[in-house]
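Based on the sequences and whatever the hints tell you, model everything.
Numbering (my numbering), first residue to last: 1 to 195.
These are computed hints drawn from the structure, not numbers from a lab. C-beta atoms are modelled at their ideal positions from N, C-alpha and C, and glycine is treated no differently. Certain hints may be false.
Straight-line alpha carbon distances no greater than 25 Å define the calculated DSS-like cross-link-like pairs of lysine-lysine that follow [to be verified]:
(1) Lys97 to Lys193
(2) Lys193 to Lys136
(3) Lys46 to Lys62
(4) Lys118 to Lys131
(5) Lys193 to Lys118
(6) Lys118 to Lys129
(7) Lys118 to Lys94
With beta-carbon atoms standing in for the labels, derived distance ranges [unchecked claim]:
(8) Glu154 to Ile76: 58 to 64 Å
(9) Gly37 to Ala113: 24 to 30 Å
(10) Met169 to Thr5: 28 to 34 Å
(11) Tyr157 to Pro75: 49 to 55 Å
(12) Val177 to Asp121: 23 to 29 Å
(13) Thr47 to Glu127: 56 to 62 Å
(14) Arg101 to Ser153: 23 to 29 Å
(15) Ala113 to Ala155: 45 to 51 Å
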Amino acid sequence: MDLATHTGGSVSVSDAVFGATYNEDLVHQVVTAYLAGGRSGNAAQKTRSEVRGGGAKPWRQKGTGRARAGTSRSPIWTGGGATFAAKKRDYSQKVNKKMYRAALRSILSQAAADGRLKIIDSFDMDEPKTKVMQAKLNDIGVEQGLILLEDVSEATYLSVRNLPNILIMDAEGVDPVSLVRYPHIVTTPAALKIL
Numbered sequence: 001m002d003l004a005t006h007t008g009g010s011v012s013v014s015d016a017v018f019g020a021t022y023n024e025d026l027v028h029q030v031v032t033a034y035l036a037g038g039r040s041g042n043a044a045q046k047t048r049s050e051v052r053g054g055g056a057k058p059w060r061q062k063g064t065g066r067a068r069a070g071t072s073r074s075p076i077w078t079g080g081g082a083t084f085a086a087k088k089r090d091y092s093q094k095v096n097k098k099m100y101r102a103a104l105r106s107i108l109s110q111a112a113a114d115g116r117l118k119i120i121d122s123f124d125m126d127e128p129k130t131k132v133m134q135a136k137l138n139d140i141g142v143e144q145g146l147i148l149l150e151d152v153s154e155a156t157y158l159s160v161r162n163l164p165n166i167l168i169m170d171a172e173g174v175d176p177v178s179l180v181r182y183p184h185i186v187t188t189p190a191a192l193k194i195l
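Written out as structure tokens, the structure is:
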């Protein structure tokens, strides 16, 4: 399979990676699992049994005319425990390597089919200049996008760092959420080989 570059050339890529059918359910599952893994899950509240105090019965069972009460830490009392207290939990979901890779292939194939994948011969910067990088991105019509390179140099990273809605990363470290989140994926032929 051949993909056209921005300069008019073409790059030969694997059909297995860029010719896969889009599996929406799989992509959703992998993206959801990826985001769930980032949740801290450290919410902590106390139930009626964990709140300090409330050991003695506030008043006798009968004869006062008031509603019966066994503790002052009941959830309906001020200062009482939470009815269904939030506790620490692990939100992470298991995703098999095969599923993860298949989801990445699916996203990349869809991006190539939709024209979201933009291939540039070189993206290296000699010195960190945000204005020059902005001009490069404007030339290819990218206001929001993900830049995937085989190796991100410090000058290139510094040139992109201050641009809003632009994320730069190594092709090896790409994740499904970044691929889905950005409307354009800008990459080089060398980075495509890693993908």
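For each hint, the structure was consulted:
1. Lys97 to Lys193: 19 Å, holds
2. Lys193 to Lys136: Distance of about 23 Å is within 25 Å: holds.
3. Lys46 to Lys62: 29 Å, violated
4. Lys118 to Lys131: 20 Å, holds
5. Lys193 to Lys118: Holds, at about 15 Å.
6. Lys118 to Lys129: Holds, at about 21 Å.
7. Lys118 to Lys94: Violated, because 32 Å separates the two Cα atoms, which is more than 25 Å.
8. Glu154 to Ile76: 58 to 64 Å: Holds, since Glu154 and Ile76 (Cβ atoms, about 60 Å apart) stay within the stated range.
9. Gly37 to Ala113: 24 to 30 Å: 28 Å, holds
10. Met169 to Thr5: 28 to 34 Å: Violated - the Cβ-Cβ distance for Met169 and Thr5, about 20 Å, lies outside 28 to 34 Å.
11. Tyr157 to Pro75: 49 to 55 Å: 52 Å, holds
12. Val177 to Asp121: 23 to 29 Å: Given range 23 to 29 Å: holds, Cβ gap about 28 Å.
13. Thr47 to Glu127: 56 to 62 Å: Holds: the Cβ-Cβ distance is about 60 Å, inside 56 to 62 Å.
14. Arg101 to Ser153: 23 to 29 Å: 28 Å, holds
15. Ala113 to Ala155: 45 to 51 Å: For Ala155 against Ala113, whose Cβ atoms are near 33 Å apart, the range 45 to 51 Å is violated.
Of the numbered hints listed earlier, those contradicted by the structure are 3, 7, 10, 15.
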